[in-house]
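Number of protein chains: 2
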Amino acid sequence: MGNRIITISREFGSGGRTIGRMAAEKLGIPCYDQELIEKIAEETGMLKSYVESNVEDVQGGWLSVLAGRDYYGHSPQDDLHAAQTKVIRELADKSSCVIIGRCADSILGDYDVLKVFIHASMEKRAERIVNQYGETAEDPIQRLKDKDKKRKAYYQLYSDRKWGAMENYHVALDSGVLGVERCAEIISQLY
Amino acid sequence: MGNRIITISREFGSGGRTIGRMAAEKLGIPCYDQELIEKIAEETGMLKSYVESNVEDVQGGWLSVLAGRDYYGHSPQDDLHAAQTKVIRELADKSSCVIIGRCADSILGDYDVLKVFIHASMEKRAERIVNQYGETAEDPIQRLKDKDKKRKAYYQLYSDRKWGAMENYHVALDSGVLGVERCAEIISQLY
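Chains as they are written, first to last, in the numbering used here: chain A, 1244 to 1434; chain B, 1244 to 1434.
A hint or two may mislead.
Claimed, not checked - Partial pick of chain A residues on the chain B-facing surface, computed with a CB cut under 7 Å:
no., residue
1, H1362
2, M1365
3, V1414
4, A1415
It should be emphasised that the hints constitute simulated quantities derived from the structure, not laboratory data. C-beta: ideal position from N, C-alpha, C; glycine also.
With the hints as extra help, turn the sequences into a complete structure.
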């Protein structure tokens, strides 16, 4: 039997990363999240911090994406996305695993994938990011909105589908209502 | 403990009705679907066939909704919706149950509700409606599109939310990929 992959797409602050880790642990398969950043940085020779802030989010909105392009319409983000595609496909070829975010659901369209989306209300996510990442000068609701926007823009740039549209996922769960533990359970059962 | 309600919203042809029945059976609680039509017909004195075709779908699009209104902006659909609200709230007050469609998720916003959405690809749904309801002169994909449109219009007329938008549901499942049996299992486990 081929490898079976779980991709976890998630709204910022929904606990998708924790849920993915818990599900992977239950199933005894690896979970890739920060590791992806390291591998992509190695692959491209780019700085980890640059990879981290550009591999899933479009920084500075759509205009910056256009502005960064050379004469041939090619940008550093495109190199990054090519490396990301290569790294993610190599990991999926190696073994069954859970992959958090980074458009893996779209990159692995031709693999045996369970596509999961984790979301929660603004209030629950705001609560979570303040608990996890601490207060900042910026209002948590505004931080969430900015992050959602960047993630959506990135997804739409590099896939032909709409981020967060129900029809693109096999399972979508509200972690704010169901709780992270139950979400992880459902995912591991469905696998 | 108060009553706990499961509402199943679903795309036409996704098997949501069957899934709801199966989950209710597993949980030993009633499932309301056709029964709602009968109760609403009793309540309003309207014909069952009229109730059935108007209680969840806007017939003839938005214009007909406007056209049917009297001087006070009131239409027979509004009476129907008022009766529907009454019937659904009475059932939810009586016992824990599963309610299929009919905007129950929006009508029971203040109850203890697990909000489920069932969807599937056009291809899977077309296959299902041809199997279940037989061939008609109209192309199944066109039938699905018409039905989705009417259901969406109805929902948006009588709730302030978007039909099929992920954030309105606690669990959304692709029955075409997961299968109806597994969907029913997940729902009964989450209850």
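Handout entry: Hint status (Cβ of V1414 (chain A) to nearest Cβ of chain B, threshold 7 Å)
Key = 6 Å, holds
Handout entry: Evaluation of the interface hint that places M1365 (chain A) against chain B, nearest CB under 7 Å
Key = With Cβ-Cβ at 9 Å, over 7 Å, it is violated.
Handout entry: Agreement of hint A1415 (chain A) with chain B interface, Cβ distance less than 7 Å
Key = 4 Å, holds
Problem - Evaluation of the interface hint that places H1362 (chain A) against chain B, nearest CB under 7 Å - result: This interface hint holds because 6 Å falls under the 7 Å limit.
Consistency note: the structure conflicts with earlier hint 2 alone.
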